[in-house]
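Visitor: Sequence:
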Amino acid sequence: WRSANQDNDTDIASATVQQRYGIVWRLVLSLLDVPAKVMDVRLAILERRRRAKFRAAGFLVMQRLLECTTLRSAQREIMVQLSTSLCASMREANAGVAPSFSKGMEPCGLVLENQIRSSF
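When you read off a place in the sequence shown, starting at 1, and then add 71, the result is the number in our numbering.
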């Protein structure tokens, strides 16, 4: 994005309609210069959509969890405890490592996957 927009400091959000047309075409042309396979681009788009669905599901779960109480102090405490509980260890939580919901669920997922595979 930066290399395609070096001669013009206007970002696409604040560009006028005429400027936006030129910016988008520069981006499209710069994309065509990059050697990429169509299947690789398609897989990347599918992966982005999958991650977006996971994020949306996580936000819905968090919203429902926070709606369980109307007390702001309780909601704040839920957020503090939830983020540290999703870290692999207390050392990682104290070091500020970003919590990962999927890593905390890996053992559960493997057991469930094995049970499903063994039933067929």
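Source of the hints: derived by calculation from the structure; they are not laboratory data.
Backbone N, C-alpha and C fix where the C-beta goes; we use that ideal spot for every residue, glycine too.
Among the clues, some could well be false.
Simulated restraints on C-beta separations [said to hold, decoys possible]:
hint, residue 1, residue 2, range
1, L98, R162, 28 to 36 Å
2, S156, A127, 39 to 47 Å
3, A145, V168, 42 to 50 Å
4, D104, S190, 44 to 52 Å
5, R135, V168, 39 to 47 Å
6, K124, N185, 22 to 30 Å
Visitor: Determine which of the earlier numbered hints do not hold for this structure and return their numbers in increasing order.
Guide: Of the numbered hints, 1, 2, 3 and 5 do not hold.
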